[in-house]
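Q: Listed below, chain by chain, are the residues.
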Amino acid sequence: MTTLYDTFRTIAQKHADKCALFHEGAEYTYEQILNGADQWANFLLKTSTPDRPRVCLISEDPFHSVTISLGLAKINGCCVPTNAQMTAEQLAIGWNAADINMVVYEPCFTKTIKNAPTTSAHFICTDQLTNSSPDIAPLQKTWQNEDDFLITLSSGSTGQPKPIIISQRVKLNRAKQTWNLYDLTHKDVALCASPFFHSMGQRMMFVPLLLGASVVHLSTFTPAKWLDAVERYKVTYITAVSSHLYGLKDDLLQNSSRIQSLKTIVSSSAPIDAGFKDTLFNAIGCDFHEIYGATEIAIASNLFPKDATTKYATVGTPVAGVDIKILNEENQELSQNKIGEIVVKTPQRFEGYYKRPDLNKAAMWGDYFKTGDLGYMDTDGFLSYVSRKKDIIISGGINIYPGDIENVINKNKYISECSVIGVEDNLLGEVVVAICVKKKTDQDIERNLRILANTHLAAFQRPLKYFFVDDLPKTATGKISKMELRNTFNKLNDGWTDIIRTMIYGR
Amino acid sequence: MSSIENIQNYILTFVAENSGQENTEISLQTNFVEEGLLDSFSILNLIMNLESEFNVKFSPYELADPSLQVVSPLSNAVLNKISRS
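Protein chains in written order, with numbering that gives the first Met the number 0: chain R, 0 to 506; chain A, 0 to 84.
The reader is advised that the hints may include incorrect statements.
[What the hints assert, rightly or not] Capping the alpha-carbon separation at 30 Å, the derived lysine-lysine pairs in DSS-like fashion look like this:
{"id": "1", "chain 1": "R", "residue 1": "Lys438", "chain 2": "R", "residue 2": "Lys248"}
{"id": "2", "chain 1": "R", "residue 1": "Lys186", "chain 2": "R", "residue 2": "Lys369"}
{"id": "3", "chain 1": "R", "residue 1": "Lys410", "chain 2": "A", "residue 2": "Lys56"}
{"id": "4", "chain 1": "A", "residue 1": "Lys80", "chain 2": "R", "residue 2": "Lys473"}
{"id": "5", "chain 1": "A", "residue 1": "Lys80", "chain 2": "R", "residue 2": "Lys324"}
{"id": "6", "chain 1": "A", "residue 1": "Lys80", "chain 2": "R", "residue 2": "Lys262"}
{"id": "7", "chain 1": "R", "residue 1": "Lys437", "chain 2": "A", "residue 2": "Lys56"}
{"id": "8", "chain 1": "A", "residue 1": "Lys56", "chain 2": "R", "residue 2": "Lys276"}
{"id": "9", "chain 1": "R", "residue 1": "Lys354", "chain 2": "R", "residue 2": "Lys337"}
{"id": "10", "chain 1": "R", "residue 1": "Lys175", "chain 2": "R", "residue 2": "Lys13"}
{"id": "11", "chain 1": "R", "residue 1": "Lys310", "chain 2": "A", "residue 2": "Lys80"}
{"id": "12", "chain 1": "R", "residue 1": "Lys248", "chain 2": "R", "residue 2": "Lys324"}
{"id": "13", "chain 1": "R", "residue 1": "Lys276", "chain 2": "R", "residue 2": "Lys473"}
{"id": "14", "chain 1": "R", "residue 1": "Lys360", "chain 2": "R", "residue 2": "Lys464"}
{"id": "15", "chain 1": "R", "residue 1": "Lys360", "chain 2": "A", "residue 2": "Lys80"}
{"id": "16", "chain 1": "A", "residue 1": "Lys56", "chain 2": "R", "residue 2": "Lys490"}
{"id": "17", "chain 1": "A", "residue 1": "Lys56", "chain 2": "R", "residue 2": "Lys186"}
Source of the hints: derived by calculation from the structure; they are not laboratory data.
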């Protein structure tokens, strides 16, 4: 069985002449993608024999990403989409973590590849296939194992990636989950502005292409490109990381007439503040959903538009087939409205972390995946996300949730983005610091923010320091990198809380 | 230009709003540290707010002076800093 490939072939044959993929002016039909996948299947099969191909894919062109991954699905190989911006050392760690025996890369990454440490893997430039004669003959053989079809290398906090294994069956089921949640059909046009090495980029390619819909791909995200693409291709469905939606904030509101084709916007990857969600919902008028999930479990909960008015501060209810519980530090189930770790039982669960029994053991509570996120369920069964467990700030022994503070700061109309972190402190353990990006203004923002914090936050929650920067550091997938912020701002604390010591203790 | 009354009112209001104690008489002679009206987070906040609101800067060394735990002397210290700047 090659579940994912077989499904795609059926769809591709049915919609052969339809444009499946739009990318930077190029257009690819379903037939072209199917032929591309078949060519790659044969090429990789011949090249990898006798070993089962375990391919590190370094590609920014979605045609390559899709055809190579589907080609690997056809021969039951393993695909490991990888971030081309990683250092040579990081690449080597990833190859080792996923037992890579082949690296397929685009010509523009030749320098990166040449700098990478020596390995016994085969190196294949995508040009090698493009320049060879097409070979789509029936396969002579395939492998039987489809359980580790896709490995996503999630960046771990220790620098060691977590190799998240997804089978072909689960990848297809995840696509079906999305079709059902948002009533998608082959008539829909999706927009993908996330890289393929991230699970969001994979989802936004496979969800439309396994359905017979079309997908518009943006290599880089800018508000102008995004708006142009939606208008030009009449995009109907988007799942976007919340940082993209924040980036689009004003543009979406000012250009609502250009994006009327949109039927469904789904916000993912980080909680979006309630005020912004409400404004966006009213301005565009399309269905606006917010989801909660992780690469390991796909979508766990969804906030439907019908609940947006009353439950806007939540991430919705568990989706069909999913059960969510909240645990305390001792792995005991907590009652409603109590904050603890979110654990999720779902048929869309990943197969495990590749060759990491230590991580697999730590990640599970029975059949439930421990997300590492903190949240709570209300009495109506709606889930609220509070923060990453590791992002919690403990100041003077008190647990402080950065999201509560960020929501208040975001109320200020001159703030375009902010992130609240805990900075190491000798006296209090950590202190609350807000790093803000402000819009162009001469206003004394810090004074206004302190007034806002005094009004809406308890004293222990109020940021000790406010810093204003041009941009917040982002991960490759568009999330704010709190780790990088902590590294930067930890260095600046030269005794900020000495005031307490001298004022209270006189020394 | 901030007057001494502005500064005093600012501190009195801050202490009242952050003391967590209703019906507490707060005057210019109130020692908000000794009387336990402000916890360490609120004290830190008060100084940060004064610095931001009146554009002044205190060093930890200056704040070791116990008289600055009292509303009136602290107000005077803020005004002196404004006058000198």
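Q: For each hint given before, does the structure comply? Return the numbers of the non-compliant ones in rising order.
A: 2, 4, 5, 6, 8, 9, 11, 12, 14, 15 and 17
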